[in-house]
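**Student:** One-letter residues, chain by chain:
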Amino acid sequence: MHELSIVSSIVETVTETLAAYPAARVLEVRLRVGVLASVIPESLEFCWGIASEGTPLEGSRLVVNLLPVVVHCAACGQESELEGVQSFRCPRCGEPSSDMRQGRELEIDSIEIDDGEGKP
Amino acid sequence: MTTRIVELRRGILKKNDELAAELRARYAAAGVLVLNLVSSPGTGKTAFLERTLKVLRERGVRVAALVGDLETDNDARRLAGSGAPVRQINTHGICHLDAEMISRHLDGWEGVTLAGLDYLFIENVGNLVCPSSYDLGEKIRVVLLSVTEGEDKPLKYPTLFNSADAAVITKMDIAEACGFDRALALKNINEIRPGIRIFETSAKTGAGMEEWLGYLAEARGGMY
Numbered sequence: 025m026h027e028l029s030i031v032s033s034i035v036e037t038v039t040e041t042l043a044a045y046p047a048a049r050v051l052e053v054r055l056r057v058g059v060l061a062s063v064i065p066e067s068l069e070f071c072w073g074i075a076s077e078g079t080p081l082e083g084s085r086l087v088v089n090l091l092p093v094v095v096h097c098a099a100c101g102q103e104s105e106l107e108g109v110q111s112f113r114c115p116r117c118g119e120p121s122s123d124m125r126q127g128r129e130l131e132i133d134s135i136e137i138d139d140g141e142g143k144p
Numbered sequence: 003m004t005t006r007i008v009e010l011r012r013g014i015l016k017k018n019d020e021l022a023a024e025l026r027a028r029y030a031a032a033g034v035l036v037l038n039l040v041s042s043p044g045t046g047k048t049a050f051l052e053r054t055l056k057v058l059r060e061r062g063v064r065v066a067a068l069v070g071d072l073e074t075d076n077d078a079r080r081l082a083g084s085g086a087p088v089r090q091i092n093t094h095g096i097c098h099l100d101a102e103m104i105s106r107h108l109d110g111w112e113g114v115t116l117a118g119l120d121y122l123f124i125e126n127v128g129n130l131v132c133p134s135s136y137d138l139g140e141k142i143r144v145v146l147l148s149v150t151e152g153e154d155k156p157l158k159y160p161t162l163f164n165s166a167d168a169a170v171i172t173k174m175d176i177a178e179a180c181g182f183d184r185a186l187a188l189k190n191i192n193e194i195r196p197g198i199r200i201f202e203t204s205a206k207t208g209a210g211m212e213e214w215l216g217y218l219a220e221a222r223g224g225m226y
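Going down the list, the sequences are from chains A and B. Sequential numbering from 25 applies to the first sequence in the working numbering. Sequential numbering from 3 applies to the second sequence in the working numbering.
So here's chain B without its partners, still in its complex pose (with noise of 0.2 Å):
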């Protein structure tokens, strides 16, 4: 018998980097901003989502949607409302979305082509650790956080707030009558993502929707 060592030095998910940097080069092509959004089930992702489909398509802004859930289409139907194109990936199980679903719901989705939008919404699996190991190619993650789920939320999933690019809090029309601390929340969250952009947003109200709107049409313009 003779051993030996095989050095490797492979990514374990080495594929999904691969075709998530095919699709970033997609996007990139296309002059599609594209955005992952990341919390834990219950946040508003949906909500949030809906208000800024809303908002950038009365603005004649061209907008899609990719929901991702492990059952139902009852997102894609809410963010239809909007007018905006949505298109729901049933993960059947799984706790994330990855490049490959991406690619496969990109193909074939009728009347949306990348190069038609200028920003794609990716809404994630609500879950706060598995999806910040799989990349889908986005430009921007961002990672959202309602007042009702406690400031230590940074603290406790320190994985994913610090892979974002900016972060949204939620529910802020709700935040006095829950307590909710935002200097300390704002404190955490700089504490694993020093410098992060954070807005402070209400769905209801429309409170600080500008502000994020504004950082879009920005990162949009920086793009390319």
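With the rest of the complex left out, here is chain A (with noise of 0.2 Å):
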């Protein structure tokens, strides 16, 4: 459960980037996260809106984009997304692979604002 430092760190991130739009106010912040990040969704979501309170980020949306395991197999020269996180074998070969190509992202994607420069 370190999930409420996590969304901390994303708080105070997404803050240092809005030192560029002085007005601006967050709508939405999205996420890419890996199912082998360690993390939950629901958890970040839980609390994201006690993170946000009293900052530029207080009622933005947070949006977590999951990401699948992707192996690369050295038999088959493929790359595979894995259904789930039991078994690390080629889906189309069956040989095992340790090559991930995704999975342990946990990365802010982007982030949507209103630049409150309010043009016509």
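FYI, nobody ran anything at the bench for these hints, they're computed from the structure. Here a beta-carbon is modelled for each residue, glycine too, at the ideal position from N, C-alpha and C. It is possible that some hints are incorrect.
[Claimed, not checked] Covered stretches of chain B, going by a simulated chain A footprint (3 or more residues, C-beta under 8 Å):
# : stretch
1 : 11-24
2 : 147-161
3 : 172-186
4 : 193-204
From these two lone chains plus the hints, build me the complex, please.
**Tutor:** Below, the structure written as structure tokens:
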């Protein structure tokens, strides 16, 4: 359960980015989270309200884009998504693979802001 | 109102990752091999490490340990019995060690410099979830599993097992009494982390320790 510290870190990073947009209000924060990132999307969302309160992110939505594991198979040379995380084998040929190409991401992808410049 | 999308593409734990990269460079410059030991509470990390430190010390290898717990310095006191320098890190409620805690405890560690060590062992907080997100700059992440925990632990906690470089099965001396299904445990570890090195050990009898120490020597030899 380290989701609150992760969420606090997101708030901090986004707040730093907002220095370039002083009048902005954040509408949405989009994350890319691998299924092996050790974080639970529901817990992130649960902490979001608390961590963003009193910051320029208050009232914004947190959108978590969950990414499946992708492995590269040395035997058949293909990259494939795994359906779960119970077996690290190439779904095409069944060979075991430790060569993970996706699945541990824990990133802020983008934010959607109202830049507050009030163009007509 | 004008809405716009600002691309960030930034790692959420970037600060930890940057600090871990600095630590990794420091370890490499000092020529010390750093290992991060992770497991559930009660797996026997401390007993395993105690034996490892003791034997290495007897062989003239320069070792030290940092040990993480929420509270108390009980583990540090136990490990100090090996004669190796040991420093306790109390996280006060935090469920994992992070790179900043390691950096802070390496600084001002009386009588210990990285350059004066062959191996530094970091015993993480007992937790099979959170430590996997925090890089400590280690060269080798070791996951430990005891025979009392159930052979399906790797399937239940794939994140940590998948991110490990080596696996140690502890308490092999009581495997039979526990009805431990060795073949199934090995199979499950291999499903989650194909090809990982697995050591079957007992800190009590010393079983499997020579193979483990051989791996350490090999890992250090091939380091730089």
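**Student:** Evaluate each hint against the coordinates.
**Tutor:** The hints, checked one at a time:
1. For the stretch 11-24 of chain B, the proposed coverage by chain A is satisfied: 7 residues have a C-beta within less than 8 Å of a C-beta in that chain, meeting the threshold of three.
2. Counting residues of the stretch 147-161 of chain B whose C-beta sits closer than 8 Å to any C-beta of chain A gives 3, which meets the bar of three, so the coverage hint holds.
3. Evaluation of the coverage hint for the stretch 172-186 of chain B: breached, as 0 residues show C-beta separations to chain A shorter than 8 Å, against a requirement of three.
4. Counting residues of the stretch 193-204 of chain B whose C-beta lies closer than 8 Å to any C-beta of chain A gives 6; at least three are required, and the coverage claim holds.
In this structure, the one hint that does not hold is number 3.
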